[in-house]
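Model the full assembly from the supplied sequences, consistent with the hints where possible.
Using our numbering, read the first sequence as starting at 178 and increasing by one per residue.
Keep in mind the hints are simulated off the structure, nothing from the lab. Careful: at least some of the hints might be erroneous.
Claimed, not checked - Below, simulated BS3-like cross-link-like pairs (lysine-lysine); rule was C-alpha separation at most 27 Å, straight line:
1) Lys325 <-> Lys359
2) Lys320 <-> Lys362
3) Lys334 <-> Lys210
4) Lys226 <-> Lys397
5) Lys256 <-> Lys226
6) Lys359 <-> Lys334
Unchecked claim - Label-pair ranges, simulated between beta-carbon atoms:
7) Met220 <-> Leu405: 41 to 47 Å
8) Gln422 <-> Ala196: 43 to 49 Å
9) Met220 <-> Gln422: 48 to 54 Å
10) Lys396 <-> Ala309: 29 to 35 Å
11) Asp237 <-> Val420: 53 to 59 Å
12) Leu415 <-> Thr221: 46 to 52 Å
13) Asn374 <-> Gly219: 42 to 48 Å
14) Asn411 <-> Asn239: 50 to 56 Å
15) Thr323 <-> Val290: 33 to 39 Å
16) Asn436 <-> Asp238: 52 to 58 Å
17) Asp237 <-> Leu405: 40 to 46 Å
18) Lys362 <-> Asp238: 42 to 48 Å
19) Arg423 <-> Thr323: 21 to 27 Å
We treat Cβ as the ideally placed atom computed from N, Cα and C, and that holds for glycine.
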Amino acid sequence: MPELPEVESIRRQLDPWLAGHQVLSSNSHASAKFAPAEEIVGMTIESVKRRGKYLLFDLDDNREMVIHLGMTGQLIPVKDLSDPYLRAWWEIDDGTFLGFRDVRRFGRIRIAVNGVYEGTLAQLGPEPLSDAFTPEHLYAACKRSTRKIKTQLLSQKPVAGVGNIYADEACFRSGIYPGLRKITKDQARRLHDEIRNVLLVALGNGGTTLRDYVNAEGKKGQNQEFLLCYGRWNEPCLICGTVLQRTVLDGRGTTYCRNCQSR
DNA sequence: ACTACGTCCTGCGAGC
DNA sequence: TGCTCGCAGGACGTAG
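Put into structure tokens, the structure is as follows:
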């Protein structure tokens, strides 16, 4: 599932490819989730930005195309427009085609006008790698809610861009049980530090490819080799050797160490 | 306003 | 071997 490191890896490749180029034509899957793709025909992509897990294609005419990759979304150059999983494509004025491939169709495309956003994007917490994201901010944000700490992270409100993989990793590395509904200031500081740490390392490794993720060159990431917790249930904790547990928290599969992660 | 849970979607792995 | 069934999950809709 593409989270901040994966989406940022894609952005870094899309921007030099697409910036300054005009969209000549487009097509999209019948679903309303993808139909807005066609609204940008004739517009010029000025840059490709990112907020949390959202890609923002900055267009002329005060518009932005907002793309969320969902679970299995890929943005890749395509030659075969008959790929059955291609949900949208755009013809670029350099002769290439950008494709949005999304097997499970959890992704979505929207057009925002004058920077006005809706839904989760409008309520996104600070960028985790920016100065706005501090331990104090995380502590205060988590204190406002009684929900489980992992559920709060996945809500994108205390901080933007963290999904299931990096939430489990950050909780593990900071020694915090993800089902906690209250954390101390010290726990918030550790969680803050480890959120940054796991995202930065993953970015450096080109993202995590468990199944579908590829960057905008169609290449897999390497960070799956470095995960300490996510997906390792029934395997020994790399810190203490205890067999890692798997549970479901608010409908999300969660791996943790019952010894290292305090409850 | 907030929390919890169902829904979307399809490939895949487990189990018979 | 071949089939059915349930699972995976981010954001959003809805109920309480």
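Each hint, compared with the structure:
A distance of roughly 8 Å separates the Cα atoms of Lys325 and Lys359; the hinted pair therefore holds under the 27 Å criterion. For the suggested pair Lys320 and Lys362, the alpha carbons sit about 10 Å apart, so the restraint of at most 27 Å is met. A distance of roughly 23 Å separates the Cα atoms of Lys334 and Lys210; the hinted pair therefore holds under the 27 Å criterion. A C-alpha spacing of about 21 Å is found between Lys226 and Lys397, which places the hinted pair at or below 27 Å, so the restraint holds.
Taken as a hint, the Lys256 and Lys226 pair is honoured in the structure, with Cα atoms around 25 Å apart against an allowance of 27 Å. At roughly 16 Å between alpha-carbon atoms, Lys359 and Lys334 fall within 27 Å of each other, so this suggested pair holds. Distance hint check for Met220 and Leu405: the Cβ-Cβ separation is about 44 Å, which falls inside the suggested range of 41 to 47 Å. Checking the proposed 43 to 49 Å range against Gln422 and Ala196 shows it holds: the Cβ atoms sit about 46 Å from each other.
The hinted range of 48 to 54 Å is satisfied by Met220 and Gln422, whose Cβ atoms lie roughly 50 Å apart. Checked against the hint of 29 to 35 Å, the pair Lys396 and Ala309 passes, with Cβ atoms roughly 31 Å apart. With their beta carbons about 56 Å apart, Asp237 and Val420 fall inside the hinted range of 53 to 59 Å. Between Leu415 and Thr221 the beta carbon distance is about 49 Å. The supplied range of 46 to 52 Å therefore holds.
In this structure, Asn374 and Gly219 meet the distance hint of 42 to 48 Å, their C-beta atoms being roughly 44 Å apart. Distance hint check for Asn411 and Asn239: the Cβ-Cβ separation is about 52 Å, which falls inside the suggested range of 50 to 56 Å. With their beta carbons about 36 Å apart, Thr323 and Val290 fall inside the hinted range of 33 to 39 Å. Take Asn436 and Asp238: their Cβ atoms lie about 56 Å apart, and the range 52 to 58 Å holds.
Between Asp237 and Leu405 the C-beta distance comes to about 45 Å, which sits within the given range of 40 to 46 Å. Between Lys362 and Asp238, the C-beta spacing of about 46 Å keeps the proposed range 42 to 48 Å intact. Taking 21 to 27 Å as the suggested C-beta distance range, the pair Arg423 and Thr323 conforms, at roughly 24 Å.
Comparing the model with each numbered hint stated earlier shows that all of them hold.
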